[in-house]
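2 protein chains.
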Amino acid sequence: MANIRHPIVDVHTHVYLPRYAAELRARTSAPRILNWTNGVKTEERLLILDGEPSGGRPIGPQYWDRDEKLEFMRRHGINISFVSSANPWLDFLPADRAQTLAHELNNNLEEYCATSPPAEGFSGLKTLYGFGLLPLVPDVEVSTIIQTIEHLKSLPHIRGIIMGTKGIGKGLDDNTLDPVWDAIQAARLVVFIHPHYGVDSTAFGENDNGHVLPLALGFPFETTIAVTRLILSGVLDRFPDLRLLLAHSGGALPQLSSRLASCIQHDPIVANRLKHDARYYLGQLYFDAVAYGSEELTFVSQTISRASTFKNGGGTVDPAVGSTRLLFGTDHPFFPPLEASQKWPSVESNLAAIRSMAGVDSKPEHQANILGLNALRLFDLHDQVYT
Amino acid sequence: MANIRHPIVDVHTHVYLPRYAAELRARTSAPRILNWTNGVKTEERLLILDGEPSGGRPIGPQYWDRDEKLEFMRRHGINISFVSSANPWLDFLPADRAQTLAHELNNNLEEYCATSPPAEGFSGLKTLYGFGLLPLVPDVEVSTIIQTIEHLKSLPHIRGIIMGTKGIGKGLDDNTLDPVWDAIQAARLVVFIHPHYGVDSTAFGENDNGHVLPLALGFPFETTIAVTRLILSGVLDRFPDLRLLLAHSGGALPQLSSRLASCIQHDPIVANRLKHDARYYLGQLYFDAVAYGSEELTFVSQTISRASTFKNGGGTVDPAVGSTRLLFGTDHPFFPPLEASQKWPSVESNLAAIRSMAGVDSKPEHQANILGLNALRLFDLHDQVYT
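If you're matching them up, the sequences are chains A and B in order. For the first sequence, counting from 1, position 221 maps to 221 in UniProt numbering; every step adds exactly one. For the second sequence, counting from 1, position 258 maps to 258 in UniProt numbering; every step adds exactly one.
Hints in this document: simulated from the structure, not taken from any laboratory. Honestly, I wouldn't trust all of these hints.
Note that identical chains are pooled: a pair holds if it fits in a single copy or bridges any two copies.
[Unchecked claim] Listed below are the simulated SDA-like cross-link pairs for lysine to any residue, each with C-alpha atoms no more than 20 angstroms apart in a straight line:
1) K166 x D200
2) K153 x R74
3) K41 x Y386
4) K166 x S201
5) K170 x D200
6) K363 x D277
7) K153 x D182
8) K126 x L70
9) K363 x L24
If you're wondering where the values come from, they're calculated on a predicted model, not measured in any experiment.
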């Protein structure tokens, strides 16, 4: 296979900045960082939801220390990372505190990235870029959110925004947010939509299944609901240039997209509101390639490629387009190996899945896109390197 | 394309038997059938959940009249239907009433099928077969459920059981149900797992999206959770010959199956309990082909075909096996056309999706399997016709 020179770019990698970790340590209810002891050893644990199984998860320097991030990247051959705060962001804070902390954390993340080493072999690029935060909490003024977007525009290494699914309390399909989408679209900031809450955990029953059900199912369900609600509310019709990146390959949206289209066709209240068949909008979205299986990624790519055929007025399939909207990611520092190992199985399985996708396995240019070039294009950094 | 003589068999088609409709009419809270009037016209409406959007859906003879079912089948070229009670089955009844009604409804459904016309061109077969009901409600004795299974074994046209996801209150992964799975497996009855409750509707927000979100997302999420919980609890390890048919092509299970496997690998409490990688179990399941899109069905088929590679100890991909576990269905009488039409778009889109699946479009024997022969084999009727 011909070699194409391209960076490996990780678009799904998290950090708890020291300022954020300090905020969590000062809290007495979830989300919080607490000292956990079993009499023999004491460690810090992160509890992101009350009643979380196993009393939360061990947390350490890999969550905040930049050197650990860079070492992780070096080990896995990752040249550039777009780092985002991990959930639950500022969701739990009162509006004024959320506003202040967003401003400070965005400055901190800019510095975290701006002072990172250059990306070796990719002239003019840094190793680290970031997704900033907005104070998306109840009772915040929309004008305050817009101010934060203005601030983010002034931070050259912040190329996007990570957000959960609650908006300012009523979800992302709340019409009140239209000026926010408008400002984000104008600023060309990429929105990374990421889950935190899952679905009501009573659905998962009483058996002890550790974190499996909320993480494997609840997380992708939440993302699927959020982006579906965005589609149904017409946000993608009103802001067609908005660039939304979906965590975990869009959750279940691709597999349920034809069912969604069929249900809409049978419900005139929604059908009459939308410009296109629901499947069209999948071609407007970006998907991280964090699905752990090549058949999954191939399928996501196909639902992107077929999207144009569902444009109102008609269109044709372009089988190459799918691989232009999938982007490699790791979910670091989550899913660390259970046993000491040089490389993380969670990362290796995502890399292997990309490389063995049908139609991509034999096309180095498609692999180069998913592994790195799509990210450079999406974040407007491509022309800096490839002129 | 060579013609292969095969019936078209619908495995996902519902009935509210007259006795069941009468039970719903006598009720004053959901689920119920009520008279709805807007001053101009009066109609019966079915309210399956309290607070359902649009005050429920219009209901009429297509829900209970056998002639309407047969006319629907004739119009769409369906030769044989495996009819099941629609949700919420007996879930809302006290144990003694559930037991009595299960017995009576199972007898009624046997008669509904036994007296149906012969399937033209398929010697010895009827047009109608059925899925029976079990009294799966809280406080029922397991021995009572077993008795009902014994009764179903004596009804020659009842070939399976339809069930929701609650079991006897704690879900299908409740170990108390082990004797039930054992009896069902021994009786060779097919279990059709079907959603009713969706997920907590607060996740769907405040915008008026009709029935779209609960039906397009909530339903498949519920099925996905239920079958995942069955896998995690070891039911498929303990009862490897159990034949489970999943509604709506397994919901989101195929797309989330590699993520599920990865999460399990990172959670020893579950990993140590299971015999195989989570993806292995998809090859043990049956999926209706009610997904409305050919890429979706192709993908489901691939996750079935790859399953054997995830067997503990290893195995090889058999690309032909996927099409042996997908089965045509319609979801009649739900999703009727909004405007009078000879054929239902919901049915036509499922037929078209099957016929244009990659790898199936050019293979008449695979189409014949999905459209009908898989069902004859699954329900032990194949050898009656093809000897």
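Alpha-carbon proximity context of K363 and D277, limit 20 angstroms:
Cα proximity of K363 and D277: none, with 31 angstroms in one copy and 30 angstroms across.
At most 20 angstroms between alpha carbons: which applies to K166 and D200, within, between, both or neither?
Both: 14 angstroms inside a copy, 15 angstroms across copies.
For K126 and L70, with the copy left unspecified, which applies at a CA distance of at most 20 angstroms: within, between, both, or neither?
within (12 angstroms within a copy, 68 angstroms between copies)
Is it within a copy, between copies, both, or neither that the alpha carbon of K153 lies no farther than 20 angstroms from that of D182?
within (14 angstroms within a copy, 63 angstroms between copies)
Alpha-carbon proximity context of K166 and S201, limit 20 angstroms
both (17 angstroms within a copy, 14 angstroms between copies)
Indicate which option fits the pair K363, L24 if close means a Cα-Cα distance not exceeding 20 angstroms: within, between, both or neither.
Answer is neither; intra-copy 45 angstroms and inter-copy 59 angstroms both fail.
What label fits K170 with D200 when the C-alpha limit is 20 angstroms: within, between, both, or neither?
both (16 angstroms within a copy, 15 angstroms between copies)
Have a look at K153 and R74 and pick one of within, between, both or neither, based on CA distance no larger than 20 angstroms.
neither (29 angstroms within a copy, 63 angstroms between copies)
Intra/inter-copy verdict for K41 and Y386 if alpha-carbon distance must be at most 20 angstroms
Neither: 51 angstroms inside a copy, 68 angstroms across copies.
Of the numbered hints listed earlier, those contradicted by the structure are 2, 3, 6, 9.
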